[in-house]
Amino acid sequence: MLELNGVHAHYGKVHVLQGTSLEVHNGEAVGLLGRNGVGKTTTLKTIMGLVPATGGEIVFDGRGLTDLAPHRIPDTGIGYVPQGRGIFPTLSVKENLEIALTKAPPSQVTDYVFDRFPRLKERLSQPGGTLSGGEQQMLAIARCLVMQPKLIILDEPTEGIMPILVQDIRREIKAVNDTGVSILLVEQNIKTALRLCSRIYIMEKGTVVHEATAEDLKNDTETLHRYLGVTV
Amino acid sequence: MELVIALGMNGIVWGLIIALIALGLSIIFGLLDIINIAHGDFFMVGTVLAWAVFEGTGNYWLAFAIVPIIGFGLGALIEYAVIQPIKNAAALSIVATFGLSIILQESVRATYGAAPSRLTAPIETTIPLFGLEYEVYRLFAAFISVVAIIAFFIFLHRTKMGTWMRAVRYDPETATAMGIPARRVYQITFAIGFAMAALGGVVAGPITTVDFQAGVDVLPFCFMAVIIGGLGNLEGTVAAAVMLAFFEGVMASFADPTMARIGSLCLMSLVLLIRPHGIFSGATR
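Quick mapping for you: the protein sequence lines, in order, are chains Y and Z. Note that our numbering has the first sequence beginning at 1, numbered continuously upward. Note that our numbering has the second sequence beginning at 1, numbered continuously upward.
So here's chain Z without its partners, still in its complex pose (with noise of 0.2 angstroms):
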């Protein structure tokens, strides 16, 4: 039973971290009609700059405000010479994203090593829990990320910028003949959505293994919590983030990971059999 409730409670943490990676990925599909093959490896290039400025400067909790940053930076600059030139054209945009996501691997893999390697977490203590003795780093990565996650709900819904996203979102052509620099606004929203990832990748850095093909697995959990919630449902993209990773994780108590994916790939189907439009279809978009 311990074994069961940990594995679920872990379900829940790497679920909401998860939420935060893929709604990058959904903001950026929202807005720009890409579907971004390099998501997952903007989240390990988070988890490779965690690594950078831990062994730079002995200080794990710096990266949480440097890598962000440094990932809004690289969005930018991606966004400008991948994406802007690929524009209106979706399907170009699975081949272009691809190809940068080889070309991010391989310039980890020739600069940070093909060897993985684990971090260890800023906070080693932990708690009595449910009757178990629960990292306090866990929580502390939920935490993080769900301040994060309502951190960028306020910013969608409270700022100029984030309204204009919105309206953008809805109709690219209107909401330019009313005054707003829709250009700028992909260009940021895209830089948001690889800061996000790279957030990610800061907070999950301690509890899973830095690895230049780490993004491989968190992909398809990333499209899987898209589609579940919604296609450009964000709140519905949080919602199956979290359910699919505490169901994985429940299963993983008594199958091995595989079967665990293969159960969430089997419930992805059944939802989309009977909710095509997702399990919180139609509340946005």
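Bound conformation, chain Y alone (with noise of 0.2 angstroms):
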């Protein structure tokens, strides 16, 4: 569904994505790990045309990424939640959810995401900026999911959510892999990342260094702490 192959992404002068390969298949919830710095956040950027991929290619779907405008790239059916959310602060909850819309999406599509979210559709009206952390990450997830995508690609969802909200968001992004849409998770909480995903990724230095099953990956404490500096 998504692959990238040897991808290659420069801030400046600076090359950070050294030859970055990945693949995420049909309704697989796939983890890319790593430690502060290795390029998990520039892949995911490169992947939504954010930065612009210096070589290598990414095909979604059979299609190049590299060649579209950045703003093209949801249409093809990706969704992405940044991390820090990206909620717009002085837009309402309404008008964040609306805002990637070119044509109101089926009644269905927006009936499941109030169902799966009342809050938002309590405070339709507000500013995403008055939302606590929680719901604005929730809003994140529902902005992606009005616009049906095949893909969603999340940043550190649970980063800054307080611990008793960690639970609601992972069994949020559960549910929305058990509908058949896949999803690729960058996460610190390494917890949280091997509860959701199938297979994880780990990067170092611009490049994915390990690839392993999750179940393989629990046990593999030498792995862990190799690559992440801990023990689960």
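A few of these clues could be false.
[Claimed, not checked] In the DSSO-like style, the derived pairs of lysine-lysine whose C-alpha atoms are separated by at most 27 angstroms in a straight line are: (1) Z:K87 <-> Z:K160; (2) Y:K218 <-> Y:K191; (3) Z:K160 <-> Y:K13; (4) Y:K191 <-> Y:K150; (5) Y:K218 <-> Y:K205; (6) Y:K121 <-> Y:K94; (7) Y:K121 <-> Z:K160; (8) Z:K160 <-> Y:K94; (9) Y:K174 <-> Y:K94; (10) Z:K160 <-> Y:K150; (11) Y:K191 <-> Y:K121; (12) Y:K174 <-> Y:K191.
Hints were generated in silico from the structure; no laboratory data involved.
Could you use the hints to bring the two separately framed chains together as a complex?
Okay, structure coming up:
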């Protein structure tokens, strides 16, 4: 479904992605882990066209993404939940939800979104910036869902969220994945990644250095310690 | 006393026109991070185009419809040719738009000429107001400015492009990732900014002089309104423009215009000392 083959990207002269390759299959949930500054967020931004790929190819559903204008990429069926949630604080909840829609989604999509996130329905006219961190994260996920994506890319969705709400967010991501939508998840919270994803990639210095099933990685204390400096 | 009322009223009318022009300056700054030194010249081009429409057709009303459209087109063209190549370089924008200012002024001098002229107002009647015979055209100018300002805010808050403008202004990267064509939003914003200044030129044409340097005086006034209103605060810009112009108008009734301008600058300095982010800061951005 999504395939990155030897992708390179630069910030000015800094060579951030140095030949990143990974794959996400239909309906799969894949985690991308690694220490700070190894290029996880840049990988996601490069998929979304926000950072131009300077080499390699990115293919989604058989279509090359690197030549597309960045604002056309969501149309191909990729939803993006950026780090820090990316809610527009001065726009109302309704405006935040509708911002990317060129046409209204079928009512069952809207119903599904409001069934999942009833609190958003109560706050449609409220500015996005007045929601709590957890609610903003729900809004960011809901905003993706109304676009009916085939793949959702999430950049640290549980970062800065109260521990009590982390469970809720995990549950929502799982529920989305259960409807057949593929997930590519960048996480610092390794437990979240291991619980949600079936397969995990680990990045170091701008490239993928390890690939394993979540099941195998859970028991591979040496790898976890070497690349992530943790024990689970 | 009549003089104070007359100049105060003229100040409010002029303030509403400035508010219209300064709103354009403010959205260009807020969205594109461009400090547009040529903005006064966009106004000047508006007055000259209004003059050209009147000379060509004998009908000043046509200018209200045609000139903003030409301004929009010129704005889109300038954004493409001048602004796009220097995007993300705020300091460079000062140099580039200063150059643009010279090009616009000299183009007008080469075609329209260097001699200022006056336009006859399309409404020449007066009505009694506060014991004065007040020109109806000035009231009409205030009315058109208010309508245009309200229309702009409705556009900003009720249309898809307006919502996109507010989103891009806050976070262009996320906006792009949501499928918003930020590039086009920038171009349309700049074009709207030019169109608003040009409309200001049409409205002000009959109450000021048509002159290739007319923008030189308008620009600092607009900047003062934007700064006092709070950078990026559009409602604040409108309120500050009207307050400043009223203040200058009243000052001008007992001091010469230069002293009145000095008074305004002192007022701005005072505001910046007490509230460095402007009187109406904190509301938006």
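We went through each hint and held it up to the structure:
{"no.": "1", "hint": "Z:K87 <-> Z:K160", "result": "holds (24 angstroms)"}
{"no.": "2", "hint": "Y:K218 <-> Y:K191", "result": "holds (9 angstroms)"}
{"no.": "3", "hint": "Z:K160 <-> Y:K13", "result": "violated (37 angstroms)"}
{"no.": "4", "hint": "Y:K191 <-> Y:K150", "result": "holds (25 angstroms)"}
{"no.": "5", "hint": "Y:K218 <-> Y:K205", "result": "holds (23 angstroms)"}
{"no.": "6", "hint": "Y:K121 <-> Y:K94", "result": "holds (9 angstroms)"}
{"no.": "7", "hint": "Y:K121 <-> Z:K160", "result": "holds (21 angstroms)"}
{"no.": "8", "hint": "Z:K160 <-> Y:K94", "result": "holds (12 angstroms)"}
{"no.": "9", "hint": "Y:K174 <-> Y:K94", "result": "holds (24 angstroms)"}
{"no.": "10", "hint": "Z:K160 <-> Y:K150", "result": "holds (25 angstroms)"}
{"no.": "11", "hint": "Y:K191 <-> Y:K121", "result": "violated (31 angstroms)"}
{"no.": "12", "hint": "Y:K174 <-> Y:K191", "result": "holds (14 angstroms)"}
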